[in-house]
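Asks: Sequence:
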Amino acid sequence: MWVEAWRRACNGAAKSACALAGCVAVLPMLAVLYHVVRMGGGAIDWDFFTQLPKPVFEPDSGMANSIVGSLVLIGLASAMGVPVGIIGGLFLARGRGSQWAFWVRFAADVLHGIPSIVVGVVAYEWIVVPMRSFSAFSGGVALALIMLPTVVRTTEEMIAMVPGTLYEAALALGAPDWRSTLHVLVRGARAGIVTGIMLAVARVAGETAPLLFTAFNNQFWNFKLDQPIASLPVQIFSYAVSPFDQLHEKAWAASLVLVVIVLLASIATRLATRGRHEIIQ
18 MWVEAWRRAC NGAAKSACAL AGCVAVLPML AVLYHVVRMG GGAIDWDFFT
68 QLPKPVFEPD SGMANSIVGS LVLIGLASAM GVPVGIIGGL FLARGRGSQW
118 AFWVRFAADV LHGIPSIVVG VVAYEWIVVP MRSFSAFSGG VALALIMLPT
168 VVRTTEEMIA MVPGTLYEAA LALGAPDWRS TLHVLVRGAR AGIVTGIMLA
218 VARVAGETAP LLFTAFNNQF WNFKLDQPIA SLPVQIFSYA VSPFDQLHEK
268 AWAASLVLVV IVLLASIATR LATRGRHEII Q
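Numbering (our numbering), first residue to last: 18 to 298.
Calculated directly from the structure, the hints in this document are not laboratory data. All values reported here derive from a predicted model rather than from experimental measurement. In this text, a Cβ means the ideal position worked out from N, Cα and C, and glycines have one as well. Be aware that one or more of the hints could be misleading.
Stated by the list, open to error - Okay, the calculated beta carbon distance ranges per label pair:
1. A81 with E185: 51 to 57 Å
2. P100 with V43: 30 to 36 Å
3. V20 with I134: 29 to 35 Å
4. A282 with A192: 31 to 37 Å
5. D62 with L281: 17 to 23 Å
6. A34 with D62: 44 to 50 Å
7. Y51 with L88: 21 to 27 Å
8. A38 with E266: 19 to 25 Å
9. T67 with L281: 18 to 24 Å
10. V135 with A81: 27 to 33 Å
11. V20 with V277: 51 to 57 Å
Sequences are here, hints too, so could you generate the full structure?
Replies: Shown next, in the form of structure tokens:
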């Protein structure tokens with residue numbers, strides 16, 4: 018009897034430790050949410066989403082152009098980085114034993130560890146200097162380079178989890194290789210791939226350093242890809258280093274909006290892939 022009691026006690030202790038570890042892991046996120054809501058919630062109003070930035074002490078100041086600019090930059094980065102990342106991850110998953118796949122995987126891991134400011138400097142030298150102008154396009158390229166390794170490695174791991182027998186069965190039924198790949202491998206790993214994409218988007222959504230060298234900033238509306246464009250991270254940086262408390266409050270409000278954008282995107286992804294997270298067995 019004492020052996021069974023000891024086992025139950027150990028099991029209860031292990032469950033309690035896991036629950037405590039889960040609470041500790043969630044606590045930092047809740048603390049960040051609470052702090053940005055407390056510091057920036059009072060500055061959120063209709064003008065914040067509809068008006069342009071104005072000099073300090075002027076009423077009706079907002080960040081409408083920065084919100085739209087951030088969405089434009091994230092869209093550009095996703096349009097460039099996601100397709101290349103998915104194709105690269107598919108190549109790595111299909112050719113795991115090849116020498117070329119080894120070097121591509123190694124390059125993706127190295128790129129993942131490069132500081133974002135270095136990526137910004139490289140994009141500045143590649144694009145901004147030849148164009149002789151900061152631009153939304155250069156900012157999108159910099160963010161795409163940051164997104165790329167996350168999408169590549171996540172796609173590779175998710176596709177590798179799909180049973181190879183399903184792919185072989187599709188080939189045996191007469192399906193061509195490209196159709197078997199898209200409709201069996203990619204479709205079976207779809208939920209994991211989408212989750213990896215959202216992780217990459219969440220990372221680049223708050224990047225500031227590369228945008229300082231590429232997209233720079235803009236106090237007005239701009240939808241031209243060859244011109245500087247505003248973004249929430251850069252606007253937050255500009256307001257945070259100012260000596261005025263009014264701008265500090267606006268910076269906290271912009272931080273809250275940025276967190277909410279990432280949170281809503283993550284929730285939407287979970288809802289869209291609900292019930293599809295289990296790999297087909």
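Asks: So, for every hint listed, does it hold in this structure?
Replies: Hint check results:
1. A81 with E185: 51 to 57 Å: holds, 53 Å
2. P100 with V43: 30 to 36 Å: holds, 34 Å
3. V20 with I134: 29 to 35 Å: Given range 29 to 35 Å: violated, Cβ gap about 58 Å.
4. A282 with A192: 31 to 37 Å: holds, 34 Å
5. D62 with L281: 17 to 23 Å: holds, 19 Å
6. A34 with D62: 44 to 50 Å: Between A34 and D62, where Cβ atoms are some 45 Å apart, the hint holds.
7. Y51 with L88: 21 to 27 Å: holds, 26 Å
8. A38 with E266: 19 to 25 Å: violated, 36 Å
9. T67 with L281: 18 to 24 Å: Check passed, 19 Å falls within 18 to 24 Å.
10. V135 with A81: 27 to 33 Å: 32 Å Cβ-Cβ, so the 27 to 33 Å window holds.
11. V20 with V277: 51 to 57 Å: holds, 52 Å
Of the numbered hints given earlier, the model fails hints 3 and 8; all others are met.
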